[in-house]
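Participant: Sequence:
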Amino acid sequence: MGSLKELVEFIAKSIVDDPSQVHVSEIEGESSVILELRVGPEDMGRVIGKGGRTANAMRTLVRVLAAKQGKRVTLEIV
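For the sequence shown, my numbering begins at 1 and goes up steadily by one.
Some hints could be false.
Stated by the list, open to error - Label pairs and their in silico Cβ distance ranges: (1) E42 - G70: 32 to 40 angstroms; (2) G51 - V78: 16 to 24 angstroms; (3) H23 - G49: 13 to 21 angstroms; (4) R53 - T74: 12 to 20 angstroms; (5) E26 - T60: 16 to 24 angstroms; (6) G70 - S20: 29 to 37 angstroms.
What the hints assert, rightly or not - Below, a list of computed lysine-lysine pairs in the DSS-like style, where the Cα atoms sit at most 25 angstroms apart: (7) K5 - K50; (8) K5 - K68; (9) K13 - K50; (10) K71 - K5.
Hints were generated in silico from the structure; no laboratory data involved.
Just so you know, even glycine gets a beta-carbon here, dropped at the ideal spot from N, CA and C.
Whole structure, please, built from the sequences with the hints as guidance.
Facilitator: Now the structure itself:
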């Protein structure tokens, strides 16, 4: 499997109308990694989902996969 960054990018591009606007940045901290997901303004609703369900599902998936690798990862949608 590729990196968590690539996974988030793949999922986001599958959801949005304009995949060219999807950008994922990786910020390494001392004890954790922050993934920042940026999408076009018109696609923000798609990525967040009803009541934040889509965003929370993506965060849970990333958190579980990171824990299996012994890492702490946070996904922020900017």
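Participant: Let me make sure I understand: some of the numbered hints might not hold for this structure. Which ones are they, in numerical order?
Facilitator: none
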